[in-house]
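Using the hints, position chains H and U against chain R.
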Amino acid sequence: MSTDLLEQVSGHFNYWMAVILMMVGLYVVLSRHNLIKKLVGLNIFQTSVFILYVSMGKIHGGIAPIYVEGVTEQPVFSNPVPHVLMLTAIVVGIATTALGLSLVVLIKKTFNTIEEDEIQASLDKKRRKP
Amino acid sequence: MKNQAIYREVAKLMMPFILMFAMYVQFHGDFGPGGGFQAGVILAVVYILYALVFGLGNARHVTPMTILRFMLAFGVLLYAGVGMVTMFMGGQFLDYNVLSHDPAHGQHLGVFLVELGVGISVAAAMITIFFVFSGQEH
Amino acid sequence: MEMMFNVILLIMLLLTAIGLVRKRSLFAVVMLSGIYSLLSATLFIALDAVDVAFTEAAVGAGISTVLMLGTLALTTRDEEETPPKGGILPLLVVMVTGSALLYATIDMPNFGDPMAPIHHFMAPHYVEHSGVETGIPNIVTSVLASYRGYDTMGETTVILTATIGILAILGRGRKRPKKLPHRKANTP
Numbered sequence: 853m854s855t856d857l858l859e860q861v862s863g864h865f866n867y868w869m870a871v872i873l874m875m876v877g878l879y880v881v882l883s884r885h886n887l888i889k890k891l892v893g894l895n896i897f898q899t900s901v902f903i904l905y906v907s908m909g910k911i912h913g914g915i916a917p918i919y920v921e922g923v924t925e926q927p928v929f930s931n932p933v934p935h936v937l938m939l940t941a942i943v944v945g946i947a948t949t950a951l952g953l954s955l956v957v958l959i960k961k962t963f964n965t966i967e968e969d970e971i972q973a974s975l976d977k978k979r980r981k982p
Numbered sequence: 114m115k116n117q118a119i120y121r122e123v124a125k126l127m128m129p130f131i132l133m134f135a136m137y138v139q140f141h142g143d144f145g146p147g148g149g150f151q152a153g154v155i156l157a158v159v160y161i162l163y164a165l166v167f168g169l170g171n172a173r174h175v176t177p178m179t180i181l182r183f184m185l186a187f188g189v190l191l192y193a194g195v196g197m198v199t200m201f202m203g204g205q206f207l208d209y210n211v212l213s214h215d216p217a218h219g220q221h222l223g224v225f226l227v228e229l230g231v232g233i234s235v236a237a238a239m240i241t242i243f244f245v246f247s248g249q250e251h
Numbered sequence: 652m653e654m655m656f657n658v659i660l661l662i663m664l665l666l667t668a669i670g671l672v673r674k675r676s677l678f679a680v681v682m683l684s685g686i687y688s689l690l691s692a693t694l695f696i697a698l699d700a701v702d703v704a705f706t707e708a709a710v711g712a713g714i715s716t717v718l719m720l721g722t723l724a725l726t727t728r729d730e731e732e733t734p735p736k737g738g739i740l741p742l743l744v745v746m747v748t749g750s751a752l753l754y755a756t757i758d759m760p761n762f763g764d765p766m767a768p769i770h771h772f773m774a775p776h777y778v779e780h781s782g783v784e785t786g787i788p789n790i791v792t793s794v795l796a797s798y799r800g801y802d803t804m805g806e807t808t809v810i811l812t813a814t815i816g817i818l819a820i821l822g823r824g825r826k827r828p829k830k831l832p833h834r835k836a837n838t839p
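Which chain is which? The protein sequence lines are R, H and U, in order.
Position in the first sequence (from 1) plus 852 gives the number in the working numbering.
Position in the second sequence (from 1) plus 113 gives the number in the working numbering.
Position in the third sequence (from 1) plus 651 gives the number in the working numbering.
For reference, chain R alone in the conformation it holds in the complex (with noise of 0.2 Å):
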């Protein structure tokens, strides 16, 4: 019974942590004003995607998949799979999380504050004046 959950904890932990790490980032997300620390959250929820995504292709024993020159038996490689679908996705992470910036700056100069609630009264006060 005991090793059982061991195994289960040690089998799991990586995923245990990813979902953790992704909660992290959404409550940054959802219970913060702040423009900037809400895309900062964003980042952690994208990140913990990668680190769900290369733990799944994780084998025991196994090494980078790169071959080995001069060796007629390969060793066995972790999947290569993963890497390849997360390598493509943090670079369109950094490409969209930069379009995410550029609003912010265009916000700030729009409202002069990236603060959601402020943006959110002064918005208000627009719609009440006329």
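In short, the hints are calculated from the structure, not lab data.
Accuracy of the hints is not assured; some may be wrong.
[What the hints assert, rightly or not] What follows is a set of in silico ranges between Cβ atoms, one per label pair, in the way DEER data are often shown: (1) U/P775 x H/F134: 31 to 37 Å; (2) H/M128 x U/P768: 43 to 49 Å; (3) H/M133 x U/N761: 39 to 45 Å; (4) R/H912 x U/G737: 39 to 45 Å; (5) U/L740 x H/F187: 32 to 38 Å; (6) H/M127 x U/P775: 32 to 38 Å; (7) R/V923 x H/L126: 37 to 43 Å; (8) R/L955 x U/I757: 51 to 57 Å; (9) H/G194 x R/V923: 35 to 41 Å; (10) H/Q205 x U/P775: 20 to 26 Å; (11) U/L742 x R/D969: 15 to 21 Å; (12) H/G194 x U/I757: 47 to 53 Å; (13) U/T812 x R/G863: 26 to 32 Å; (14) H/G194 x U/P735: 48 to 54 Å.
[Unchecked claim] To give an idea of the interface, some chain R residues facing chain U are shown, with a C-beta separation under 7 Å as derived from the structure: (15) G863; (16) M875; (17) Q898; (18) H912; (19) H935; (20) S954.
Note that CB positions come from ideal geometry on N, CA and C, so glycine has one too.
Quick look at chains H and U alone, frame taken from chain R:
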């Protein structure tokens, strides 16, 4: 940082090596870790260092925005162009086997060109984004 | 040994993330997010994903931090001291979603299990035949550029589109468009 002699000298010393590392990552990506995405980002880092030490005006003078915009589109076009060429040579879209007599050689050529396209596009994108952000008025 | 590295790095990641939630100074938040990226890059090396680690270190810890600092210079340095939005509602949402996801992981195969389904579809083909079919030693590169070439082309297009978007939002055009003359006549 414009008037700091030490920064300027160290940056001057480091830039060629970073540039060379970017090229190494780009062209050695077939054999070790690396490839177009990483090389493009490292190449952009050279520009960021240059802009930080020598001022944005000088950096913009080195590579005008027009060229950057051209490179940005050119990278994607090169990628898609390789796909079109393989189609005209009788294969399917992005089937590099037909690029040469020997399929493995064709694959090598195709992957090389495609990674080059990715590298150019990513580098131009990152430099453009940095220039746009740092060129804003406060 | 492998597992120990994993556990230590994941706990460090969690501590960094918690520090990040609590800090109010945005400068510290951006720096912590750089550290977070670097730690996750180290974790990716421990998990054999060297290409991913390389990209994360260059992009997450490098360019991303520079862009965030640039944005801070244009906007503000500190987050305002306001109570969390919506009271305990976000915490409740996070708890419920998190426990649902944790429950889902119980069914997943064990970490590092070579018999997991993910290792028996397409991946064996890439690992066994990509050396002969493409002649490229790095399997990740051959899958990225050759087997999944469509995918990578799409990703490059996304980067192009995002940059065009940024130029449209913040980039100043060479000429400022003047007010269109015919528009005035049309409006009553």
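Hints, verified against the model:
| no. | hint | result |
| --- | --- | --- |
| 1 | U/P775 x H/F134: 31 to 37 Å | 34 Å, holds |
| 2 | H/M128 x U/P768: 43 to 49 Å | 48 Å, holds |
| 3 | H/M133 x U/N761: 39 to 45 Å | 44 Å, holds |
| 4 | R/H912 x U/G737: 39 to 45 Å | 43 Å, holds |
| 5 | U/L740 x H/F187: 32 to 38 Å | 49 Å, violated |
| 6 | H/M127 x U/P775: 32 to 38 Å | 44 Å, violated |
| 7 | R/V923 x H/L126: 37 to 43 Å | 40 Å, holds |
| 8 | R/L955 x U/I757: 51 to 57 Å | 39 Å, violated |
| 9 | H/G194 x R/V923: 35 to 41 Å | 37 Å, holds |
| 10 | H/Q205 x U/P775: 20 to 26 Å | 23 Å, holds |
| 11 | U/L742 x R/D969: 15 to 21 Å | 18 Å, holds |
| 12 | H/G194 x U/I757: 47 to 53 Å | 49 Å, holds |
| 13 | U/T812 x R/G863: 26 to 32 Å | 40 Å, violated |
| 14 | H/G194 x U/P735: 48 to 54 Å | 51 Å, holds |
| 15 | G863 | 3 Å, holds |
| 16 | M875 | 4 Å, holds |
| 17 | Q898 | 9 Å, violated |
| 18 | H912 | 4 Å, holds |
| 19 | H935 | 5 Å, holds |
| 20 | S954 | 5 Å, holds |
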